[in-house]
Amino acid sequence: MKVEDAKTIVEELRGRFDAPFSSSDKAHIVRLYWEVLGKEFKPTTCQQCYHDALIEVYLYLKKYNKMKDKCNYRMRAGFIISCPRFANGKIYTNDNLTDEVAEEYLAQFPKNVDMFQQLPKDFSIKKVQKKVAERNKKQEKPAKKQEKVAEPELEGKVSK
Amino acid sequence: MTKLCETLIKKDISFDCDAMSVKGLEADGVIVNRSDVDFSATVFDDNAKNIVKQLVLKSGKKGYEVVQLGNTPFTGTTSTLAVGTYRNSWTHEIPIAVLANDPDVCENIIDGLANGTFVLILRNKAKGQQGKGEYQIFGFYQGLVASAGTNEKYSDETEGGWLMTLQETNSPKSALFLFDTDSATTQQKYEALKTEPNG
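Protein chains in written order, with the numbering used here: chain A, 1 to 160; chain B, 1001 to 1199.
Next comes chain A alone, as it looks inside the complex:
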């Protein structure tokens, strides 16, 4: 589904927002939720849960104007990333996991590859470690350049 298709369906459904959704409308919302947000919709006993899901999808499209990036990694049920030595202990679940985070985590903790049930087709720990090292190098370079540019200004200020 493309972002324009998603927007069209959302607008259609918004037109029927004040009435209870039909079963086909609900099916559309479940699909939209997955396609746009990359999350599985879990219906609750609350009567408004489909309306809430539609609002969530609508707001996401309005804010980002794109579908959420699909992650090529998926952790096994019950496993989350919550390690004090990784990303300052920030918790990552399948809902907020990105390729970048998964790669950084596996580069640091390669033994935990067993905790992932879905990996990219050409995955190997060596490739990931190389990719992460290159990415980190690139990120370091601009930072150093910025420091160099900032230095003369500081010196200038000091000399005054």
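It should be emphasised that the hints constitute simulated quantities derived from the structure, not laboratory data. Treat the hints with caution; some may be incorrect.
[Said to hold, decoys possible] In silico DSSO-like pairs for lysine-lysine, Cα to Cα no more than 30 Å straight-line:
id	chain 1	residue 1	chain 2	residue 2
1	B	K1058	A	K126
2	A	K126	A	K111
3	B	K1053	A	K42
4	A	K111	B	K1058
5	B	K1062	A	K39
6	A	K63	B	K1127
7	A	K39	A	K26
8	A	K66	A	K26
9	A	K42	B	K1062
10	B	K1194	B	K1023
11	B	K1023	A	K39
12	B	K1194	A	K121
13	B	K1058	A	K121
[As the list claims (entries may be wrong)] Quick list of simulated restraints, FRET-style, between CB atoms:
id	chain 1	residue 1	chain 2	residue 2	range
14	B	N1050	A	K70	37 to 47 Å
15	B	K1127	A	C49	22 to 32 Å
16	A	P20	B	I1009	50 to 60 Å
17	A	K138	B	I1009	36 to 46 Å
18	B	E1026	A	C49	12 to 22 Å
19	B	E1065	A	D122	15 to 25 Å
Where a beta carbon is used, it is the ideal one built from N, C-alpha and C, also for glycine.
Keeping the supplied structure of chain A fixed, place chain B upon it in accordance with the hints.
Same frame as chain A, but now just chain B:
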């Protein structure tokens, strides 16, 4: 046998005024086919024998949500001591009401519950210090199996649905809890048990 197992009391029997016991269970839980649990990846807390820090399922498997209605969800849940000849053990019993009766429910839930072996994680209303006592695991050691199941057409309680009772006998521990780091982390681990295999 090289040593005696330590089965001693290690603390005063008194009350914690800041974390008094509260009766009951929250309305939701997670049930897992016991064969789907990856026991080799299970991590126990180094300092607390009744705490599991990590409970992970096998690749491609997921846990299923159990939701109960009413003011006393999972009413009738008990853990009782079973006196043995050489060693005592525990019997855990959890009734689950399934307020429906149709081909889909019977095939996918009732027939499974009747013949399978399960691990069930329920949420105590009493959270304990730091939330360590919230998520209680049943069926980890022996597995929960059905000990009773009824479908009473004119029942006021189940309204024509099913009442299944799961039981674990000979469990070596009075209770086992899921807890890691803090409440927030543990909640995410509990929610992650319901992860869909194909994202």
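Hints violated by the structure (numbers, ascending): 6, 11, 17, 19
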